[in-house]
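A.B. asks: The residues making up each chain are set out below.
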Amino acid sequence: MSFIVLLGQSTYNQILLIGRITLFFISILKSFPRKIIETYQIVLQMFFIGAKTISIIVLSAIFIGSVLSIQGHYILNMFGADDQLGQLVALSVLRELGPVMTALLFIGRAGGSVTSEIGIMRLTDQINALKSMQVSIQRYIMFPRLVAIIVSLPLLTMLFNAFAIIGAYGISTVSLKLDPGMFLISINTYVSLWDDVAAGLFKTLFFGIIIATIALYYGINATKSSTGVAHASTKTVVYSSISILLCDYILTSMLMRLW
Amino acid sequence: MSTALIQADNLSIYYDSQCVLNRINVKIMPNQTTAFMGPSGVGKSSLLKALSGQISLHSGTINYNYKDPNREPLKTGILFQDNALLLHLTVFENVALPIRYHYNLPEKILNEIVMMKLHAVNLEHAADLFPDQLSGGMTRRAAIARSIALDPDLIFYDEPFAGQDPINAESIAKLIKKMNKHLDATSIIITHEVNLTLQLADYIYIFDKHSIAFQGSPQTVSKSKNPFVQAFINPSLKSDAQSYEDKT
Numbered sequence: 002m003s004f005i006v007l008l009g010q011s012t013y014n015q016i017l018l019i020g021r022i023t024l025f026f027i028s029i030l031k032s033f034p035r036k037i038i039e040t041y042q043i044v045l046q047m048f049f050i051g052a053k054t055i056s057i058i059v060l061s062a063i064f065i066g067s068v069l070s071i072q073g074h075y076i077l078n079m080f081g082a083d084d085q086l087g088q089l090v091a092l093s094v095l096r097e098l099g100p101v102m103t104a105l106l107f108i109g110r111a112g113g114s115v116t117s118e119i120g121i122m123r124l125t126d127q128i129n130a131l132k133s134m135q136v137s138i139q140r141y142i143m144f145p146r147l148v149a150i151i152v153s154l155p156l157l158t159m160l161f162n163a164f165a166i167i168g169a170y171g172i173s174t175v176s177l178k179l180d181p182g183m184f185l186i187s188i189n190t191y192v193s194l195w196d197d198v199a200a201g202l203f204k205t206l207f208f209g210i211i212i213a214t215i216a217l218y219y220g221i222n223a224t225k226s227s228t229g230v231a232h233a234s235t236k237t238v239v240y241s242s243i244s245i246l247l248c249d250y251i252l253t254s255m256l257m258r259l260w
Numbered sequence: 031m032s033t034a035l036i037q038a039d040n041l042s043i044y045y046d047s048q049c050v051l052n053r054i055n056v057k058i059m060p061n062q063t064t065a066f067m068g069p070s071g072v073g074k075s076s077l078l079k080a081l082s083g084q085i086s087l088h089s090g091t092i093n094y095n096y097k098d099p100n101r102e103p104l105k106t107g108i109l110f111q112d113n114a115l116l117l118h119l120t121v122f123e124n125v126a127l128p129i130r131y132h133y134n135l136p137e138k139i140l141n142e143i144v145m146m147k148l149h150a151v152n153l154e155h156a157a158d159l160f161p162d163q164l165s166g167g168m169t170r171r172a173a174i175a176r177s178i179a180l181d182p183d184l185i186f187y188d189e190p191f192a193g194q195d196p197i198n199a200e201s202i203a204k205l206i207k208k209m210n211k212h213l214d215a216t217s218i219i220i221t222h223e224v225n226l227t228l229q230l231a232d233y234i235y236i237f238d239k240h241s242i243a244f245q246g247s248p249q250t251v252s253k254s255k256n257p258f259v260q261a262f263i264n265p266s267l268k269s270d271a272q273s274y275e276d277k278t
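Chains as they are written, first to last, in my numbering: chain A, 2 to 260; chain B, 31 to 278.
With the rest of the complex left out, here is chain A (with noise of 0.2 Å):
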């Protein structure tokens, strides 16, 4: 009986933080800038959060294309459709890895580094300074950030593609001496620029608010002590992970259906 109230209890609280974390981010998006220094911080913002996390994302992507080659190698070759390798990395890349992974790499370089900026700032009457000198912190603070990260994800995702696939195609062709041309004829064929490609990135877009808005819930909400922003950055990337899996569980069964 206990665990059936625990478990009920728990539901009810998950389900009362979504709704939280949802009007937060209704209330983010209606604070719309109004003045030229809170639109700059977006392109600041897009700066700190996008551009400086470029090095991880095609660093991880040629990794991470060159692993997909020498497995993907290794199971064709047993029969005998090594041929085929371009296709099974590009569509591994563009259909899954590319936006699960740059949205995974992201959440740990900009997702916990936004939430202990932001709990940093409350924690430093940084938010309480600001708010003295009536500078909004929805239009100046949030919604900068939100756009930001809305923005960076689904191009740090090409950028991830992009990559992964160059990765895949010099260890196929230098390592693997597979046939440079096949690989790239491969791709050619049977990828498709509306039902993989933008698919793909269809799901950043997705990925990118719920990394967004959970970073910065739990950023102006982080209680006022080490530990807190702590716990704060933890949860953003325990949430945002765990979201991101289940979000696109949820869009790949819609898309294989609808598109």
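No lab work stands behind these hints: they were computed from the structure.
Derived DSBU-like pairs (lysine-lysine); straight-line CA-CA distance at most 30 Å:
1) A/Lys236 <-> A/Lys132
2) A/Lys132 <-> B/Lys208
3) B/Lys57 <-> B/Lys253
4) B/Lys138 <-> A/Lys36
5) B/Lys57 <-> B/Lys208
6) B/Lys79 <-> A/Lys225
7) A/Lys132 <-> B/Lys105
8) A/Lys132 <-> B/Lys138
9) A/Lys132 <-> B/Lys207
10) B/Lys79 <-> A/Lys36
11) B/Lys211 <-> A/Lys132
Stretch-level coverage of chain A by chain B, calculated; a stretch enters the list once three of its residues show a Cβ under 8 Å from a Cβ in chain B:
12) 32-42
13) 133-146
Cβ atoms here follow ideal geometry from the backbone N, Cα and C, with glycine treated the same way.
Got chain A sorted already, so can you dock chain B onto it with the hints?
C.D. replies: Okay, now just chain B, sitting in the frame of chain A:
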């Protein structure tokens, strides 16, 4: 007799069930420096937060008497206890932020205004430095410069002398005096620094156990019969305060 700029009546503040301030009455007169003094934990900072609208009241009222008949909101500046400078911005940008945010000024004019504010606190040379490159005294002066950026009518100073050496503390006290004079502003200071505050303030409130133990001009505080007040303003009487604490 002039009207109070801020009048708080029967003001009570609770954090959860813990009483921080219990039914106090406070009047802040315009163009004066009012100091809230007392040991740590008596509710001074909570009172400042309540007066500056950062926290809500449990009970009581706060009335603001506006200078402008059109009831334009009071412009306020706050010096936070931890300075609260934005760490990713330079001193110049910290001071410029509220001006940039509220006024669409050409860069040249903005530059002149910010440098004027920095000149007032002797920090022109540190305009391009980041907060983590400043000494404690410089950080405090930079925070003062930011708090006066919008030429406020009312300035709240939360522990302006805390963590400052005597020379720095004295220069900050002089700075506050200078700001009041030049800006024609009203100041509220939260502090437990006695000597400087008695020289600086026009009116003082001394808090004990979540209520007011003394209020009046600095000249009259020595005449107070309250043993806590006597012990607070004269630390050599600390033993009296201890016996007073023990009795109560």
